[in-house]
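Peer 1: Listed below, chain by chain, are the residues.
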Amino acid sequence: MGSPLRIVNGRVYDPANGVNGAVQDVCVRDGKIVADVPPDAKRIDAAGMVVMPGGIDIHCHIAGPKVNLARKVQPETHQDDVQLRTRLTRSGTGGTVPSTFATGYRYATLGYTTAMEAAVTPLGARHTLEEFHDTPVLDKGFFVLVGNNLLLYRLLQEGRREELRHALAWWLKVTKAYAPKLVNPGGDEMWKGQRNANITSLDDKIGSFDLTPRRVIAAFIEAGNELGLPHPVHIHCNNLGHSGNVETTLETMRLAEGRRAHIAHIQFHSYGAAAGKSQSNPTSRARDIIEYINTHPNISADVGAVMFGPATIMTGDAPLAYMLRRFGGNKWVNADTENESGCGIVPFRYQDRVYTNALQWAIGLELLLLSEDPWRMVFSTDHPNGGSFMSYPRLIRLLMDRGYRKEQMAHVNQKALDRSALRDCQEREYSLSEIAIITRAGPARLLGLTDKGHLGVGADADVTIYEEDEDKEKMFSAPRYVIKDGELIIEDHELRADHQGRLLHVAPDYDPQIEQVIEPFFEDFYTIRFANYPVDDRYVPNGQIIPTTPSVAAAPATAGTRT
Amino acid sequence: MGENLKVVRDATCTFCGCVCDDMHLTVDLDQKRIMKAENACILGKAWFREHGIEERPLALIGGRTATTEEAVEAAAQILAQARFPLIYGLSDTTCEAQRVAVAIADMIGGTVDTTTSVCHGPSGIAFEGVGESTASLGEIKNRADLVVFWGGNPAEAHPRLFSRYAVTPKGMFIPNGRKDRTVVLVDVRRTPSTPAADIFIQVKPRSDFEVLWALRALVKGRKVDPSIERRTGVSLAVLEDLVARMKSCRFGVFLFGMGLTMNRGRHFNSGALLALATDLNEFTHWVAKPVRGHGNVTGADNVVSWQTGFPFGVNFSRGYPRFNPGEFTSVDLLTRREADAALIIASDPADNFPKAAIEHLRRIPVITLDPKATPTTQLAQVAFTTATYGINVSGTVYRMDDVPITLRPAFESPYPSDEQVLTAIRDRVRALLGGNRLPAGAPVAAAS
Amino acid sequence: MAEIMTLIGGRSSKQGTTLCASKLGAAYAEISSTLEMNVEDMARLGLSNNSKVRLRTPAGEAILRCKGRETKDLPPGILFMTYGPLSSQLMAGDTAGSGMPISKNLDVEVEPVRDENGP
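Residue numbers (our numbering), protein chains in the order written: chain A, 476 to 1038; chain B, 11 to 458; chain C, 5 to 123.
So here's chain A without its partners, still in its complex pose (with noise of 0.2 Å):
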């Protein structure tokens, strides 16, 4: 937990608590931020330094089967990127999928000290929390995917709403898992039992199944709002990176009927479709997406935005990255999941001349731009979809600097940027405190991680000390201090010690009647055990629970335990 600690002569940013820039003390005791620390604590003098709550990052892709394949089939990123070991610390190596170690101690480098895994297929969950063990520093979690998945949609399409609630419930506690996350609903079943074909429209028919992504959608929905999760359904939704799917995407947000609702990685979903000839080309319709957002207080989102250089999309919307394999080069990994899943990788280079490209760097920019709460509008670059989480500096840079973000417009492809608002939004630069609303107080927000994401008295003392400077890359690329529970792990910019950071997951409650209903299918179409499925305390070592609020009884009115 470190010893206790005062920060003084910082200008903090504290938005959450309404702090904007105020030099002030902050006080750091076993691994809470307290309101007064003894005299003779340890002193940081942050003189000339910003003082923030440690980064969050709401959607990443950093541990798991995806990502362990995606590291094992790109050798060539990991050999002059490397992480070495210390007295203290691990090696390993970086590229967009950078190792296990190599992940914490780098994410810790950028001053982040949390991370939500986006996409973890329920049989998966226990190699993500292997996974997770090795990753230092961070506080962790993951989004469990089951929006295609065969059980639950045997109920839904009997119309058993109240078991799949349960079941639903059931399958999040059992993974350990932090949220449920749809990734193109029905897509994957279109994939692996229609010849590899996909979804294209929310009122298409699944496979053999009488269900439509509608319905799903908006079953899912519902059921993660009465289950009160602290994060609500977390959806990527259908038509990624389609030209044109912006309706698909606003209709997916209509479906939320004002209930809560996350859509992931946005970007990759507010394409129009080019007049003509070129309508293959996608164009932006960001400021459609973006007025809905604005006046749908029930509807956040995080923005995917996209970095030129290398990334890696690894997905499980597996027909999207059989489709992206074509301009990816020669390799291609597929992996599907029995009930549950698909799952798609393919390296990637985003490049500033190709139109599409470019285009999805401007409306990455845009939506951020244009955001009216920055609240609801946060950080991601789906890490590594878009780009790897090495690149949040310079995103930092293009939204507060609008004099380097011209600079890089004049780099990029003309015609793209013609089919974006970008160039009507020029002046518009981010604050540091919209930078900490975008990066920590916002996520945590949206995460309801009440203990994150801001500096009041009782929150984790994840703390991140920069020094200030005019380039804001440079800036946000090497605190000079990270503080994580309280405990200083870097220090003048190094690492100083290692830490075991928390799996943070929900454990709702569910009528226990649901095994019966569950348990029969494992029996018939899974390939191991019921009784082995779920994963035991053992895999988090360091967990905490975070409770839920539901809004209906976890028993239903008929069951003969009731008195």
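Simulated from the structure, these hints should not be mistaken for lab results.
Backbone N, C-alpha and C fix where the C-beta goes; we use that ideal spot for every residue, glycine too.
A couple of the hints might just be wrong.
[Said to hold, decoys possible] Restraint-style ranges between C-beta atoms, simulated for each label pair:
{"id": "1", "chain 1": "C", "residue 1": "Glu113", "chain 2": "A", "residue 2": "Arg670", "range": "46 to 54 Å"}
{"id": "2", "chain 1": "B", "residue 1": "Lys180", "chain 2": "A", "residue 2": "Thr1024", "range": "41 to 49 Å"}
{"id": "3", "chain 1": "A", "residue 1": "Pro1016", "chain 2": "B", "residue 2": "Pro424", "range": "49 to 57 Å"}
{"id": "4", "chain 1": "C", "residue 1": "Lys76", "chain 2": "B", "residue 2": "Glu337", "range": "38 to 46 Å"}
{"id": "5", "chain 1": "B", "residue 1": "Glu337", "chain 2": "A", "residue 2": "Pro1016", "range": "32 to 40 Å"}
[What the hints assert, rightly or not] Within a straight-line C-alpha distance of at most 27 Å, the following computed DSSO-like cross-link-like pairs (lysine-lysine) qualify:
{"id": "6", "chain 1": "B", "residue 1": "Lys382", "chain 2": "B", "residue 2": "Lys365"}
{"id": "7", "chain 1": "B", "residue 1": "Lys230", "chain 2": "B", "residue 2": "Lys214"}
{"id": "8", "chain 1": "A", "residue 1": "Lys680", "chain 2": "B", "residue 2": "Lys180"}
{"id": "9", "chain 1": "A", "residue 1": "Lys806", "chain 2": "B", "residue 2": "Lys230"}
{"id": "10", "chain 1": "B", "residue 1": "Lys214", "chain 2": "C", "residue 2": "Lys71"}
{"id": "11", "chain 1": "B", "residue 1": "Lys46", "chain 2": "C", "residue 2": "Lys18"}
{"id": "12", "chain 1": "C", "residue 1": "Lys56", "chain 2": "B", "residue 2": "Lys365"}
{"id": "13", "chain 1": "C", "residue 1": "Lys18", "chain 2": "B", "residue 2": "Lys365"}
{"id": "14", "chain 1": "C", "residue 1": "Lys18", "chain 2": "B", "residue 2": "Lys55"}
{"id": "15", "chain 1": "C", "residue 1": "Lys56", "chain 2": "B", "residue 2": "Lys382"}
{"id": "16", "chain 1": "C", "residue 1": "Lys71", "chain 2": "B", "residue 2": "Lys365"}
{"id": "17", "chain 1": "B", "residue 1": "Lys233", "chain 2": "B", "residue 2": "Lys180"}
{"id": "18", "chain 1": "A", "residue 1": "Lys680", "chain 2": "B", "residue 2": "Lys230"}
{"id": "19", "chain 1": "B", "residue 1": "Lys55", "chain 2": "B", "residue 2": "Lys42"}
{"id": "20", "chain 1": "A", "residue 1": "Lys881", "chain 2": "A", "residue 2": "Lys806"}
{"id": "21", "chain 1": "C", "residue 1": "Lys18", "chain 2": "C", "residue 2": "Lys76"}
{"id": "22", "chain 1": "B", "residue 1": "Lys214", "chain 2": "B", "residue 2": "Lys180"}
{"id": "23", "chain 1": "C", "residue 1": "Lys56", "chain 2": "C", "residue 2": "Lys71"}
[Claimed, not checked] Partner residues aside, some chain A positions facing chain B, computed with beta carbon under 7 Å:
{"id": "24", "residue": "Arg486"}
{"id": "25", "residue": "Arg562"}
{"id": "26", "residue": "Arg601"}
{"id": "27", "residue": "Glu998"}
{"id": "28", "residue": "Thr1002"}
{"id": "29", "residue": "Arg1004"}
Given chain A, put chains B and C in place with the hints provided.
Peer 2: Structure of chains B and C alone, referenced to chain A:
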């Protein structure tokens, strides 16, 4: 049979890569023996039957009985003094133990390699080149209507691959089981697996690559010369028939064995097969799956990959992971007489490595961890007897399709687990070295 | 008079069950020193079941006992044995930069061994 019986339901067999988790074990706790293993295949039955507690010393140092603590000290001294040590094996132990073994290699700047390098290592190399379309075994059970086995003999090496996963079971979209599938087997000889197939294609030895490449050409609509038959033993008509089936099935799968990897062509063979599976996705859904051997060799691949970025044959002597098959793989390090010490965990290279490699193992100090005496433990300077994973020890094991399963041990062993011994060795080596060893010339900052 | 044949190393279920008991016992030694050979090849070389043959490669040599297989199961010119201490004697350490030694389809010289103590 004693009075003190216990039944362990849903235990897991770790003999082969099928990692079947539906074993119901009847355990005699007095005799510390498994009397019955319901659902086990012939290999699994032998695995459970033969892993009782044998009267063996906890450890041997130079052939003399020692305590575990003494052996830890001796092992730590060997590893701390070695300049180019090799850590090898790891396929028959838990991920928890594998994790510590990689940590030791990182700490001392040694090499970690697993039995993958002499198993499906070439398929791992091919994967790095072309990727792979693959699936969990349940997808094969639920959907595969065309199953092609290539260069393997599951009936003898992975019996329940047929009965539990890929041939006879009924699945969601395969309601009639075996009747709904076409099974093809490609091999150089008839084996006990052959009768399971509807179509047996016998290729001449050393011609798998040519057959696979001809299939790729046919799938892409190119012409193949009928002389292919002279070279490979397979007629053009047979190949064309297979291609027609492969393009028209709904969900096809290749399950391929070491007939491809241990053969002339090695990773080129695996790569040709993986590329063929990828090509076929233009027409219908196709996946491929290397049929992995020892219980947790797939876990070893996963652990080494997530810790280092590379699946096997990883060297840490420069202070970071480097991967180079042929340079940092065990057979090469030993045959070239480069390794100056070896820590061998749960494997038996002295029984199956090339002669020259075994000869080098006799020259250098070797540390072994194994529940049983083997040719390798016999040549070891320090030999630990450890508990058997899955029988005495819990932990995580990855099935050949990357699905992790938690083990349910049947009875306690008087011997420590691999994880416990490795952790003790790691801690002692760390104390001897004062932390991780830094390579010569490491940046000063990194040394602080 | 030695002939060149193709040796395939592999696994068998008997080998698998035996190694669970012990790799140092007589049963494992017997299994890993058995060579399956085409019956026509055996007849031509004057071998019968249990006859001893010497296999030789540039790496080394090993003496095994024959077991006949019909042509439909094992074509002429092909030999099969399970992996073990004797197959190791025949394998070269070169992996051609792959890590994998060749252990299937080895060219081996096959030569009957006159056993002074009888078969």
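Peer 1: Holds or violated: Lys55 of chain B with Lys42 of chain B, Cα cutoff 27 Å?
Peer 2: Distance ~16 Å between Lys55 of chain B and Lys42 of chain B Cα, so the pair holds.
Peer 1: When you check the alpha-carbon spacing of Lys56 of chain C and Lys365 of chain B, does it fall within 27 Å?
Peer 2: 21 Å, holds
Peer 1: Interface hint check: Arg486 of chain A, Cβ to nearest Cβ on chain B, cutoff 7 Å. Holds or violated?
Peer 2: 28 Å, violated
Peer 1: Taking 38 to 46 Å as the stated bounds, is the beta-carbon spacing between Lys76 of chain C and Glu337 of chain B within them?
Peer 2: 44 Å, holds
Peer 1: Taking 27 Å as the top limit, are the C-alpha atoms of Lys18 of chain C and Lys76 of chain C close enough?
Peer 2: 22 Å, holds
Peer 1: Compare the distance between the alpha carbons of Lys56 of chain C and Lys71 of chain C with 27 Å, and conclude whether the hinted pair is satisfied.
Peer 2: 10 Å, holds
Peer 1: Is the hinted pair Lys233 of chain B and Lys180 of chain B satisfied, with a Cα-Cα distance of at most 27 Å?
Peer 2: 38 Å, violated
Peer 1: Are Lys382 of chain B and Lys365 of chain B close enough, with their CA atoms no more than 27 Å apart?
Peer 2: 22 Å, holds
Peer 1: Between Lys56 of chain C and Lys382 of chain B, does the CA-CA distance stay at or below 27 Å?
Peer 2: Distance of about 31 Å is beyond 27 Å: violated.
Peer 1: Was the hint right that Glu998 of chain A lines chain B, CB cutoff 7 Å?
Peer 2: At 10 Å from the nearest chain B Cβ, Glu998 of chain A fails the 7 Å test, so the hint is violated.
Peer 1: Would the pair Lys680 of chain A and Lys230 of chain B pass a check requiring their Cα atoms to be no farther apart than 27 Å?
Peer 2: Distance ~31 Å between Lys680 of chain A and Lys230 of chain B Cα, so the pair is violated.
Peer 1: Regarding Pro1016 of chain A and Pro424 of chain B, is the given constraint of 49 to 57 Å on their beta-carbon distance met?
Peer 2: 27 Å, violated
In this structure, the hints that do not hold are numbers 3, 15, 17, 18, 20, 22, 24 and 27, in rising order.
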